[in-house]
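**Q** For reference, the chains in residue letters:
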Amino acid sequence: MSETYTLYGQTVMDHFMNPRNMGDLPDADGVGEVGAAACGDIMKISLKIQDGKITDARFKTFGCGSAIASSSMATELIKGRTVEEALNFSNQEVVDALGGLPPVKIHCSVLAEEALKAALEDYLKKHPDVAAKVKEKEAARSAAPETANA
Amino acid sequence: MRRVYLDHLSATPLLPEAFEAMKPYFMEAFGNAASLHQYGLRVRDALAKARSQIAALVNAESAEEIFFTSDGTESANLAIKGVAYANQRRGNHLVVSEIEHPAVLNSVEFLEKQGFTCTRVKVDSEGFVNPEDVRAAITDKTILVAVHHVNHDIGTLEPIREIGRICAEKGVPFYVDAEASAGWLPIDVQQMGASLLSFSPHKFYGPKGVGVLYRNKKARLVSILHGGVQEGGRRAGTENVPAIVGAGVAAEVALRELNQRFAHTARLQKKLWEGLKANVPYIKLNGPEPGPRRAPHTLNISTEFIEGEGQLLMCDLNGIAVASGSSCVSKSLKISHVLAAIGLDHALAQGNIIMSLGKDTTDEDIDYVVQTFAKVVVPKLRNMSPMWDEFQRGIIDSVISPTGRGRSFTEHAAAVSGKPAH
Chain L
-11 MSETYTLYGQ TVMDHFMNPR NMGDLPDADG VGEVGAAACG DIMKISLKIQ
39 DGKITDARFK TFGCGSAIAS SSMATELIKG RTVEEALNFS NQEVVDALGG
89 LPPVKIHCSV LAEEALKAAL EDYLKKHPDV AAKVKEKEAA RSAAPETANA
Chain R
849 MRRVYLDHLS ATPLLPEAFE AMKPYFMEAF GNAASLHQYG LRVRDALAKA
899 RSQIAALVNA ESAEEIFFTS DGTESANLAI KGVAYANQRR GNHLVVSEIE
949 HPAVLNSVEF LEKQGFTCTR VKVDSEGFVN PEDVRAAITD KTILVAVHHV
999 NHDIGTLEPI REIGRICAEK GVPFYVDAEA SAGWLPIDVQ QMGASLLSFS
1049 PHKFYGPKGV GVLYRNKKAR LVSILHGGVQ EGGRRAGTEN VPAIVGAGVA
1099 AEVALRELNQ RFAHTARLQK KLWEGLKANV PYIKLNGPEP GPRRAPHTLN
1149 ISTEFIEGEG QLLMCDLNGI AVASGSSCVS KSLKISHVLA AIGLDHALAQ
1199 GNIIMSLGKD TTDEDIDYVV QTFAKVVVPK LRNMSPMWDE FQRGIIDSVI
1249 SPTGRGRSFT EHAAAVSGKP AH
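Quick mapping for you: the protein sequence lines, in order, are chains L and R. The opening position of the first sequence corresponds to residue -11 in the working numbering, with each subsequent residue numbered one higher. The opening position of the second sequence corresponds to residue 849 in the working numbering, with each subsequent residue numbered one higher.
Any given hint could turn out to be false.
To be verified - Below, simulated DSS-like cross-link-like pairs (lysine-lysine); rule was C-alpha separation at most 30 Å, straight line:
1. K1018/R with K989/R
2. K105/L with K970/R
3. K105/L with K1179/R
4. K1182/R with K105/L
5. K113/L with K123/L
6. K1119/R with K67/L
7. K36/L with K1228/R
8. K970/R with K871/R
As the list claims (entries may be wrong) - Label pairs and their in silico Cβ distance ranges:
9. R69/L with A859/R: 43 to 49 Å
10. K123/L with G1266/R: 22 to 28 Å
11. E876/R with Y(-7)/L: 52 to 58 Å
12. A859/R with T(-6)/L: 18 to 24 Å
13. R1241/R with G(-3)/L: 46 to 52 Å
14. K1125/R with S78/L: 41 to 47 Å
15. S78/L with G1266/R: 16 to 22 Å
FYI, nobody ran anything at the bench for these hints, they're computed from the structure. Think of the CB as a built atom: it goes at the ideal place given N, C-alpha and C, for glycine as much as any other residue.
So here's chain L without its partners, still in its complex pose (with noise of 0.2 Å):
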């Protein structure tokens, strides 16, 4: 065989093959480790975060080609956000910027973000002072509307 096939596109390959930002940090500020309970794959996020903001991610997983891609690229995706830009972080972003999963690997992109989510949680819960400001900020927001219709 002279050419190449691939099960996955171009993207996801790559990022199979040369996952980034593959491995722990030990002084992470946030840990999450998720499972999917549709196939029992294992997705685990570390976050080093410093004034509000991701300064450094890793991942490690045990799963199919997707999920490694998926985390690979959410741990991409994520530097350089706020934790609340993290918290409205979302799937879809991971299938897009991957260029699309087949549909019944989709929900590895979806444990990409529950992990993500968890490792927030993590460092939510270890900074209750961050946790009060994200909570406020949220209320203001979610009232906000209200306020305009008044």
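Use these hints to put chain R onto chain L, whose structure you have.
**A** Quick look at chain R alone, frame taken from chain L:
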């Protein structure tokens, strides 16, 4: 990069002599076997020859007992539905092993929706059916027993003759799916006591697009595909002549080379398993040990702390073609029903790889596979796996070689996913 094809249970390359034999039947001898002129008669002769070649492979009493279909799945459907419908006045109960191929299990499930009932006989941890369990499952309403010769996933060689004897004693037709064994292991339908037996020539160097069903004359069978009276009225539709001709040649060569193929693959199978076992820590063989209770040409292994699709992809990127029974490679996201039936721990089922060898696999191929799997595939994926890291730190334990430290992978997976793994 070296390329090693280890998925012979999915497909094999066509034998050059089969290809040569097929060639005239595309353009020159294009006639329809149903036609009564020279064009038709020539093709009719070719079909008769192929039927005899196939009959010889399975030691059928007569070539009349061989039917050609479109593939192994159609043969399984015809065997099960054809016998069930032919005998529905006599009874409505079927007995199958729970680890049959989906072509068998899904045909049975279809019949259940129409009022037939089925007993699925359990297997032990190596995938063996206990013939006495088959005996116990047979009732006076039983019209068919179906147990495969070799399991397509884990290579278990079932006690077919014992089951055949029980079926003969009880007067129940016995169907044997020989998809994973035909062309690799000796098959004698008379010694097996098989009323029906099916397989696909593309699993032993024949072409795709043709399936075989052997049916003993005494077994009643009705057609499930309606139209003309091809194949003795048991399978309507114009025969795929080139493929049938190629199947005949593949069968003849397989019969001639059977002992050689068996010895060759059995030796390399042993070498492969011993190489992997010695070089990959925390690896397990699923199904029986290489030897008389296992098919010679397939290995089913589980490597702990890494997932099967990742292993398959990493193997493919290194030129090695393998299969996997992990949930991640299935569209239903379920682990192979065979691995579930033998009670394999979910963590090990997830880390599953199937390697099936062929007549052209070499010692150098096996050396490359052992080396690449042990030194590239497994370390690279374990390095990425949180489970491997957590095992090193004593948070979770190994299923294969428990250390007594940490909780099980399955408990851990259930805890982090909030739901038990299936």
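**Q** Name the hints, by number, that the structure is in violation of.
**A** Violated: hints 2, 6, 8, 11, 13.
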